[in-house]
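Novice: Produce the entire structure from the sequences given, and follow the hints as far as they go.
Here the protein sequences come in this chain order: A and B.
So the first sequence is numbered by full-length UniProt numbering: it starts at 1 and just counts up by one.
So the second sequence is numbered by full-length UniProt numbering: it starts at 1 and just counts up by one.
In case anyone wonders, no lab produced these hints; they're calculated from the structure.
These figures come from a predicted structure and were not determined experimentally.
Do not rely on the hints blindly, as some may be mistaken.
Unchecked claim - Ranges of calculated distance between the beta carbons of each label pair, as one might list FRET restraints:
#1 A:H157 - B:L108: 25 to 31 Å
#2 B:R294 - A:D89: 39 to 45 Å
#3 B:P39 - A:K186: 36 to 42 Å
#4 A:H100 - B:P218: 37 to 43 Å
#5 A:Y248 - B:R294: 55 to 61 Å
#6 B:H107 - A:A211: 55 to 61 Å
#7 A:T79 - B:N126: 48 to 54 Å
#8 A:G146 - B:L173: 35 to 41 Å
#9 B:D166 - A:L217: 54 to 60 Å
Heads up, the beta-carbon is just placed ideally off N, CA and C, and yes, glycines get one too.
These are the residues of each chain, in order.
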Amino acid sequence: MTRFDPTRLRATVLRMAHAGSTVHIGCAFSLVEVLAVLYRSHLRLGAGPDDVTRDYLVLSKGHGVMAQYACLYELGWLTDADLDRYFADGTRLKGLSDAHVPGLEVTSGSLGHGLSVGVGLALAARRKGTGQRCFAVVGDGEMNEGSMWEALLFAAHFKLSNLVVVVDANGFQAMGRTDEVMGLGKLADKFATFGLHAREVDGHDEAAFDAAVRAALADPEPRPKAIVARTVKGKGVSFMADDNRWHYTRLTPETYAAAVRELAPAAGGVQHA
Amino acid sequence: MRDAFSTALVAAARADERVLLLTGDHGYALFDGIRQACPDRFLNAGVAEQNMVGVAAGLAKGGFRPVVYGLSAFVPVRVLEQIKIDVCYENLPVLFVGDGAGFVYSHLGTSHQSTEDVAAIRAVPNLTILSPADAAELTACFELALTLNGPVYLRMGKADLGVVHDAPPRMTLGGLVPVRAGDGPLAWIATGSMVRTAMVAAARWPGSAVYSAPCLKPLDAEEVAAVCRRHRTVVTVEEHSVFGGLGGAVAEIAADRAPTFVCRVGVDDRFSEKCGSYQYLLGEHGLDAGSVARRVEEFLRRQTAGLSWAA
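Specialist: Right, dumping it as structure tokens:
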């Protein structure tokens, strides 16, 4: 079976969301293929979560953290108990990304933070000559924050070629479609004018996204890279896809069962209690 | 004090290749020393303080020891959330230097004046807050900061109000530094630019003990409580709001451990109204030595007479 199979990752997200009765399922589902490709093919993971020579995967849009938890579970860095006791009192995994969890690089959820920390990590790696890369996964809604543009200016000015910014561009933010709340225009064009290598790609097409990452890493110019991954919020479950209510909605026994039915056959027989 | 900062910075950068200076496009000639001595350790992050703090967090996670310089009106106030989440939550060794604390940028007005910075950050866990009184204390504070493996805010106020110490004092984390011994009814605890002022004002009360508090957080509760027990009244003096700074910290300790009258002299709950020099604004806010003494006299008069403070 494919490592980081997207359907299986989504099933893991559902399993956590069900166990913890949590929200942000849509935010996690849009990210799945992006994280799958990065974890499967590009991140040099070293000896484990405590290995300081690892490449960095900075999840700046911390609301999607369940998708990253699913990847860490795939790696064996999280356990079944972590998943099934999600949100139980005294457990370690929170509803937003938290740097105290080995394998997560930043504490985010308050938006507009992670990219700057990622820029610092990339700069540190370059100054030390370690060869580490930093992949910073940000949200399109997050691009409302001025600090994101500060970070891009800095990254371009200091020619941080080991920084790859991936925008999970699902077209939604908390209150509605990004075009309606705070239009971003053509993001890839904006990145290009900031001096970044910039590409736009279907973020659910693993082969296309993988090719975009390879092109970014192969870019000979000394500049940071950006990939705008066009995605669908809630992707993978028919009644969640492109429906912003799944930013906030909790699973009921019925919606959980229906979502599992859609995912289970392709997920290698993932069994949910 | 700024010269001492530059000297300490260059020495630190020479001694430890992990030390880097980031500035939000402030400082100019202040950084001639490090730019000359270690040009690759100087980074101008531009007019973008939020990103600068995030970058410092990333650099610290990557093994560096960033020194982040800004005006105290901006660092820490403008970037409080970045300091809380990106730096302090992970207890990262980032040294924030906030220059121009209090009314230093007097003529420029409210945007550049800084009398709430300590209050803003006192409630953030893991953060040490240092507030040196003069160049000698600055040197000691800088050295102490680099020995701490966690975040520090160093508040740098007016540089030329007079020398407090002849040489860098022996400084411990949280400890008070005795400036003048005395066993009279009054003890003075002052910080930063106001230590010198407190020494002048205290001269009206023979037997006053005067302490400098170069470390506002942690503040050694046992030591402060001991001062409270030895004297009938403790006067705190700071170029900062009376809310949430040194006076608040001392009053909290007194309330817990050694109920004592604490006369908090600082900036009352208002902004500066007028344009003027640094000395003019100290006068406007009752922080010149004469005004400080009058405020203490009034406090003692009410205390002695048992009068209501509400009048």
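Novice: Each of the hints needs a verdict: does it hold here or not?
Specialist: Hints, one by one, checked against the model:
1. Checked against the hint of 25 to 31 Å, the pair H157 (chain A) and L108 (chain B) passes, with Cβ atoms roughly 28 Å apart.
2. A hinted range of 39 to 45 Å for the beta carbons of R294 (chain B) and D89 (chain A) is inconsistent with their spacing of about 56 Å.
3. Checked against the hint of 36 to 42 Å, the C-beta distance between P39 (chain B) and K186 (chain A) comes to roughly 39 Å, which is consistent with it.
4. Distance hint check: the CB atoms of H100 (chain A) and P218 (chain B) are about 23 Å apart, inconsistent with the given range 37 to 43 Å.
5. In this structure the hint that Y248 (chain A) and R294 (chain B) lie 55 to 61 Å apart at CB holds, the actual value being about 58 Å.
6. Against the hinted window of 55 to 61 Å, the Cβ-Cβ separation of H107 (chain B) and A211 (chain A) comes to about 58 Å, which satisfies the hint.
7. With their beta carbons about 29 Å apart, T79 (chain A) and N126 (chain B) fall outside the hinted range of 48 to 54 Å.
8. Distance hint for G146 (chain A) and L173 (chain B): a CB-CB separation of about 36 Å, consistent with the stated range 35 to 41 Å.
9. Distance hint check for D166 (chain B) and L217 (chain A): the Cβ-Cβ separation is about 59 Å, which falls inside the suggested range of 54 to 60 Å.
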